[in-house]
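J.: Line order of the protein sequences matches chains A and B. For the first sequence, full-length UniProt numbering begins at 1 and goes up steadily by one. For the second sequence, full-length UniProt numbering begins at 1 and goes up steadily by one.
One thing to keep in mind: the hints can contain errors.
[Said to hold, decoys possible] One-sided excerpt, in silico: chain B residues whose CB lies under 10 Å from chain A:
1. 185
2. 219
3. 220
4. 244
5. 247
6. 339
7. 342
8. 406
9. 409
10. 426
11. 427
12. 430
13. 451
14. 455
For the record, the hints were derived by calculation from the structure and aren't laboratory data. We treat Cβ as the ideally placed atom computed from N, Cα and C, and that holds for glycine.
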Amino acid sequence: MTLEPRTEHEAEPGGENLETPPEEHVEGRRSGSVVFATLSLVLAVGYVWMAFDMPNGTSGDPGPGTWPRVTGIAWVGISVLALIESLKVVRTAPADLFPTGKSLKLVAFFSAATVAYVILLPILGAYIVSSVYMFYVIGLLRSKWDIRGGIYAVVFGVGASLIFIELLQVRLVAFPW
Amino acid sequence: MSATEGFLHGLQLAFTPELLLTALIAAFVGTLIGVLPGLGAVAGAAIALPLTFMFDPVVGLVLIAGIYVGAQYGGSTGSILLNIPGDSTAVVATFDGYPMAQKGRAGPALAITAIGAFIASTIGLVFIVYSSGFVASFAITFNAVDYFALTAGGLLILARISGGTLAQGLLPMILGVVIATVGMESTSSYPRYTFGNLDLTLGIHIAVLAVGIYGVSEILYLIEDKRQRASYKKIRIKDLVPSRSEIRQSWGPWGRGSILGFILGTLPMPSATISTFVSYRMEKGIARNKSQFGKGAVQGLAGPEAANNSAAIGSIVPVLVLGLPFSAVLALMISAMIVHGIQPGPLMMEQQPDLFWSVIGALAIANVMLLVLNIPMIGIWVRILQIPRYILIPVIVLVASMGVFSVSNNMVNLYLMLALGAVGYFLRKYNYSLASMLVGFVLGPLIEDNFVRGMRVSQGDPAYFLSSTFAVVIWSVVVLIVIGAAVRTLLKRRAQRRLLDSTAK
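So here's chain B without its partners, still in its complex pose (with noise of 0.2 Å):
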């Protein structure tokens, strides 16, 4: 089956009730997830993700995935009208969105960004659909050695990038790791740090682990905000159209942020919030108009918008095809297609091209349905954004607590998410970072299995690690981020205080 045949094929599946529902409600409640200021995807698809268990494999992979799309063009609706993004890949909204509403173009400004969403994520699917195949054909022939060093080094440079120095970026990715390995060893049987409690033999579930660190911390975080309820303008559909000259303005940076987006979205860093950064200093770099940067810019917001939206395609493909999540809301997926028994790689076009297909093509009717709730709907999302949190905090504890229950129908579960909520609350104080620690917990024992078949296979020799050319490539990357970086920021400290002694000289 070629990738145009399978695409299609991809969408004619889609093409059911149960499917199209499930399109329409992911992009609804993605959408509903980004609009709320606070409640971001990951928290979001952690407290959907008990749910999509009790759903088919395909059904609960298309929630998961519709969330995290549709949260990334929900997100930007907060940062334009009332200068609060709802998650970290809608900040850089703020800097021209707002001033735009502030300068009566507040309707322009979301159309833009709805539109450049629609464009990149098609764009990103369209190099989703041509590009899969190679990869995949790729890393078919990777082995042990290779998948270590993709699952192990790939993890320290997410943990290294997203963390602020090197310990808060590692101290949560250990945490992950050690976590995975309560429970029963998988090829032994032999019952790790469960403490004589039968309820931990099947070890921790990622949804105790996600609805814990990022739902309950969470809610402690909107609970200390100190902010008032917003006021708003009504926007109607009329004053959504944009002028020609903004929508001239538009395509540059709707183009250049798709494929930016894309790139980054393939690699192991925190993609989606990274490349709205970097399409802005682009856009900023080329602009003529420099100085309107931060006053209402076009580019300034469509641009990186753009680059979220495909950032967030992007990111799906080492899912797919390598099997290895980069994201806290990948790392969701994946686990969920582990919960179904779906083993995703490079095999699974081969062996379940219907399955992976028609996530593809769910995928690209989602993103449909993402235009057409985003532009009429606009008035509906501008009030949601008007909630009481005396009502949304409640009922997200209540959704989530019996959603984490329902895992495993266990209260043990519950005890669990209290106490890794705490442990969530507390790292995100002191800045560590949650994605490594989420990342660390899906990728650890992928990682643990690829360690012991290389070592069995190279009956105890450590060297076996660095035999094949991908994997020496890998390692010099992480010695070059993780170290490399290290060494620039001791470098910088140093010029710091040699700076601060000679003021106080």
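Next up, chain A with everything else stripped away, as it sits in the complex (with noise of 0.2 Å):
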């Protein structure tokens, strides 16, 4: 069986890859990088607008608040830089940029998952919570839940909980009781 390399969406490093790609593409790359570089430039102008609450002290002893200054107006620089560069650059946009269709869905379930491991591990401990988390998530991507996904589950969820809180003396809930 033969398989295609993994597609690489970096350019070369130090390279710029200024090929011509399909229009839809470059337009949908375009307006995410748009959308990306905008919001770099609101949160940047943000963290200034922060730092100088901050007292700055003297050019001869700068305070706490001097650093962030410096840092915080070249981050508006290079969000500009970028919001020009997603404007003006053409660059190859690989095909599959974001998950679409059964792909754009295991993620989604799959991130949900995640976010409500994260949320419950401290109410409900980590025994329960990692052992049912398995289950899903095994399930979600074999698309099927069965007793062998079952068995997996609890095998390393509670192997996964038990080296962490009995071995190593992790500090997590065990259990909600």
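Bring the two chains, given one by one in their own frames, into a single complex with the hints.
T.: Here it is, written out as structure tokens:
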């Protein structure tokens, strides 16, 4: 069986790919990059704003606000550069930049399950939540929930909790009671 | 203590049951991480990082370093057998390694990479042993100006080289630097960007950032990966023996790759990956049988594999001797040192020689263990390539989450890990360099410290930062690389547009 190598989205280090991709992909990617750069710019402005509320000291004795001002201004500048680049530069856009269809469903359900795992961990305890999480994710990735998946879930869920809580003495909530 | 005495002393120190076991575990885990497709050395080391805080400093450091070197070893197994690189450093191994496997020479290809990696790492270690003292004695004269130039300039160079466009390298770098400003400022204890949350006053831990941006985003990529389970042919030990001709063709590339890799490893760049491409081009350039490249040329596999492993060893020099990491895994190593109260830098060899030399000694032992693990256990590694993702993915999440929680027994770490995971996922999707973010996070406080010291010494005169020859040289290189490359890209783009216009007409 021959397998295709993993699609490398990254350009060669230091290089830049200037090939012209199909128009719809360029547009999709460009609008995403613009949103990303704009969000970065907004956050950078907020960061600088807060930095100016911190004590600045003097030039011969900088205070805790000096460095955040320097880096914040640099962040604003780089965000503007990113925005300009995302509007001007045409980059190669892989057709599968973001998942679609079944793949998107998998990513969304997996992400939701992982968030739920983290939220429920201190409430229901590591042993129960880890096993339930394992069972759900194994079933999600295999597209079926059966006894085999349940056995794997209990073995790995309980095993990992046991190692961290009992062996490594990590102060995780073990059980809800 | 001379370098040879120091190394022998380090070997002696490393020959304790505890360190031998650590080196073995690190070599095993590192190879495992390298072999598993998708899970790279950084994500693996990030997930293992919180666990290292539970042990002695030297054990923690050997674990991280062993995982790093082991991952370089293991990465090429998937490249050769399945045409699936375990990591970016193993991409070049697919060029000639996979064609060799298709010709029925998979065993020798694996043996050539394992032996080459051993030779390269050994040569790299010899260079470290004999160059560290010289570099340390030079670095001991550095002041705030030199350190500021080295850290800030090095970070800028790394960001420029790692990313595609200028912004793709610089934006994650500055994000790393600003995330590092969260928490109490070291000299005045003023809380910065904590929003009144007590849990944030200690700042964001590197394990949280590393597991978030690398670990979580890597898992999401694994889920998206639509490839089916790979099939493989059984490989027996006797199948591993290369022919005389294959060995003869490998010696030169092994040697050249080792020297090239070590030199590139000491520079601020993603050297392990870059060294493989440079070595491949070099081998192809000097080869008589150029037409064989891409069709299973032994030199095309042996050279880059040696370069990759030697670069991994070489990049440990700036970490141990200067306290400066220029790759994501080494940023994790530095943070492990700082958590253990070790101040890496030129004085480390003098003030903590036992620690310095035992790390070198343990690396040498881990290197031998890697050879022992890689050749006889090849059948097991091949089987590991087949671990179903439905088990691998949730197990990684459990280990990563519990590990991140254990850093300070705090749920905030887990919430931050998820948030940073989402950031890392989108950064990767838009081609932003995650390595410069992690290195920026580690170097940020060092840059700030040297900036403040410099301003105090000079009474606020910014020209002071150009008062040493070393600093002027570094900043000139930065200008050349950062601005020069941007100008070159602009000219290239203009030329391309002209070409497109003329074609349209």
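J.: Which numbered hints turn out to be false for this structure?
T.: 4, 5, 6, 7
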